[in-house]
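Peer 1: Chain by chain, the residues:
Protein chains: 2
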Amino acid sequence: MLTRRHFNGLAVAAAARISRAQEPGRKLGFAMVGLGRISMQHLAPSLKTSSKAQVTGLVSGHRDKADKMAAEYGIPAKNIYSYENFDAIADNKEIDAVYIALPNSMHAEYTIRAAKAGKHVLCEKPMATTVADAEAMIAACKQAGRKLAIAYRCQLEPCNLRAMELIRSGKLGKVQAIESANGFNIRAGEWRLNGKLAGGGPLMDMGVYSLNACRFLTAEEPAEIKADWSVIDQDGRFAEVEENVAWSMKFPSGIVASCNTTYGANMPGFYRVHGTRGMLHMEPAFGYEGLRLTARIQGEPPIDEPSQEKDPVQFTREAEHLVDCIASGKDPRISGEEGLRDMKYMLEIYRSCGRR
Amino acid sequence: MLTRRHFNGLAVAAAARISRAQEPGRKLGFAMVGLGRISMQHLAPSLKTSSKAQVTGLVSGHRDKADKMAAEYGIPAKNIYSYENFDAIADNKEIDAVYIALPNSMHAEYTIRAAKAGKHVLCEKPMATTVADAEAMIAACKQAGRKLAIAYRCQLEPCNLRAMELIRSGKLGKVQAIESANGFNIRAGEWRLNGKLAGGGPLMDMGVYSLNACRFLTAEEPAEIKADWSVIDQDGRFAEVEENVAWSMKFPSGIVASCNTTYGANMPGFYRVHGTRGMLHMEPAFGYEGLRLTARIQGEPPIDEPSQEKDPVQFTREAEHLVDCIASGKDPRISGEEGLRDMKYMLEIYRSCGRR
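Protein sequences, first through last, are from chains A and B.
The numbering used here puts the first residue of the first sequence at 6, with every later residue one more than the last.
The numbering used here puts the first residue of the second sequence at 6, with every later residue one more than the last.
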């Protein structure tokens, strides 16, 4: 365990490094760890217009892919790493932070190695595949005096923030119940269907959005969780992970939530919040763009607020949130602890299903 | 227990009576049992234009209310009954059937007394407040050779039938998951908040629609049920019944469902069915009019089918369904057994909540 004094010492040392990272005009340098769709088509492009962050490094097992991307982003060959020599990023002053966009079960290893290399971490959701891994990730970043953020875009996104505001302000009245769902029909062959890499099925990948939304909408932690799961399609896709999960949650105030997730059908991401004074409906709720909030509240004009934002603005925002937290020394709103809580609740869902 | 021979004998005797009830040009005579909103503003008016059924009797504890309605429907004073002399309907040949629209816990007594008086029964949902009562109602009607139908309007309603057809035809592909909710913000003082009369809260009254819909949409019976309940509002309304219930169900094929019901907030009745080839959404799903089915299915043009029907057509339909079943000797689609199944599942939901 770190003592408070030791931790403060680390924090001061970290602050010194931070001030270097935040020299006027210098953008925070991010290395992409894993060059899949989300990093190459969303996060990396999102930094092209950022005044606060830029892509300065690449980590990949496919050198050709990395070279191609390096050319696009003007990244020198010395800033391209493999998973083998990844730890050498410690010596690269152009890399301040990493974006972990690997299969779920690899999040822990690369977050911890990044922290040990003195880098801040933005890690994709789900944070990890076990509670122990999530805890180890938090501990490693703390010990290194580095920030850890989990890529919960929605918690920073204006439509979702507006939904939270309608609830927090009391306009919706006392919240009673929430419905939410999120899923899609997955293709065979994805790593998401590999139990070892994914750690679970649609719950880990898609259901986590509903779970996290129920938590950020209520600003409460579930006190009770019950769930059912199934595999319907016997086409080989679901040998290692579940296909469907339905679960209910009860929060300390009494708010109940019923949620669904699937890898077997198109299931548009949405949530509905029922308060004593009205209802709000967000759909799409979790997408990269095109979000839309509608609400009917007593004594208020009808609300219909489609987001005008385009992808990949949400990715710019989450990366810049980490930059801001590094500069200010504040903990990210979308912290490792936030990811850990979802890990624990997902484990409870699996337990209720008899899957753990 | 009835033997088959004895039962057949009863059926023949019943058929003889039925043929009297179905003389050419003669409409089946219904007595309204309980003159509340649903009987006086929906079912009775719905028979004004029916060629198959008419209101011929009234049963009420409020003679003045009954007299007023009798005048409107041209019902003679001799066909007005109180709860005390109700059994005398046995001698009234103008009354062939009763419509039970009483508080839930009274459904059993008046269904059984009606059956013993030789009358067919259309009983509001929920069928009863206990499984034992529901079983006794079925047994009484069987023994008397009379039909028992539960007022599950939706199972006869075209939009809901169309949803079922999209599923049964295979157009939606294999169904994976369903979301459904139904509830409203109840006013203090309603009998629905009286535990003895209502037998339960929003689950019995509103959640039963979602439960029944999940069953008629899947054509399966839930194999597993898990639930959470709560009371949030400490304003005296929920001293005897629950305010909120969230529950999940798993069906034998693996289909999962997540449902919500409340008496604490506006919660529009809806369901969504996710199949491998598309999704259908019904909303409003359970109302007296204005229902709307939308669907997006691979290879099909978008479906957007709002119902053009006006209230109280759904009530005409359920009453005439009973008339048709009496004439044909067939069991109602919306049978007592169908109501009993929902009673058992609601009990399971309460058990999972720790409320029974």
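Some clues are possibly wrong.
Cut-off 30 angstroms, straight-line C-alpha distance, at most; resulting in silico cross-link-like pairs (BS3-like, lysine-lysine) [to be verified]:
#1 B:Lys201 x A:Lys179
#2 A:Lys73 x A:Lys83
#3 A:Lys201 x B:Lys179
Pairwise CB distance ranges, derived in the manner of DEER restraints [what the hints assert, rightly or not]:
#4 A:Asn90 x B:Arg297: 29 to 39 angstroms
#5 B:Val136 x A:Glu294: 26 to 36 angstroms
#6 B:Ala244 x A:Glu226: 50 to 60 angstroms
#7 A:Gln46 x B:Leu166: 42 to 52 angstroms
#8 A:Thr135 x B:Gly41: 25 to 35 angstroms
#9 B:Ala244 x A:Trp196: 37 to 47 angstroms
#10 B:Glu170 x A:Glu294: 27 to 37 angstroms
No wet-lab data here; the hints were simulated from the structure.
Cβ coordinates follow ideal geometry from the N, Cα and C atoms, glycine included.
Peer 1: Against each hint, give a clear statement of whether it holds in the structure.
Peer 2: Verification of the supplied hints:
1. Between Lys201 (chain B) and Lys179 (chain A) the CA atoms are separated by roughly 27 angstroms; this keeps the pair inside 30 angstroms, and the hint holds.
2. Among the hinted pairs, Lys73 (chain A) with Lys83 (chain A) is consistent with the structure: their alpha-carbon atoms are about 14 angstroms apart, no more than 30 angstroms.
3. Distance restraint check for Lys201 (chain A) and Lys179 (chain B): the Cα-Cα separation of roughly 27 angstroms lies within the 30 angstroms cut-off, and the hinted pair is therefore satisfied.
4. Between Asn90 (chain A) and Arg297 (chain B) the beta carbon distance is about 59 angstroms. The supplied range of 29 to 39 angstroms is therefore violated.
5. Range check, Val136 (chain B) to Glu294 (chain A): Cβ separation about 51 angstroms, and the 26 to 36 angstroms hint is violated.
6. For the pair Ala244 (chain B) and Glu226 (chain A), the supplied restraint of 50 to 60 angstroms is violated, since their beta-carbon distance comes to about 28 angstroms.
7. Against the hinted window of 42 to 52 angstroms, the Cβ-Cβ separation of Gln46 (chain A) and Leu166 (chain B) comes to about 44 angstroms, which satisfies the hint.
8. The supplied range of 25 to 35 angstroms is broken by Thr135 (chain A) and Gly41 (chain B), whose beta-carbon atoms lie about 56 angstroms from each other.
9. With their beta carbons about 53 angstroms apart, Ala244 (chain B) and Trp196 (chain A) fall outside the hinted range of 37 to 47 angstroms.
10. The given range of 27 to 37 angstroms is respected by Glu170 (chain B) and Glu294 (chain A), whose C-beta atoms sit roughly 35 angstroms from each other.
Checked against the numbered hints above, the structure breaks hints 4, 5, 6, 8 and 9 and satisfies the rest.
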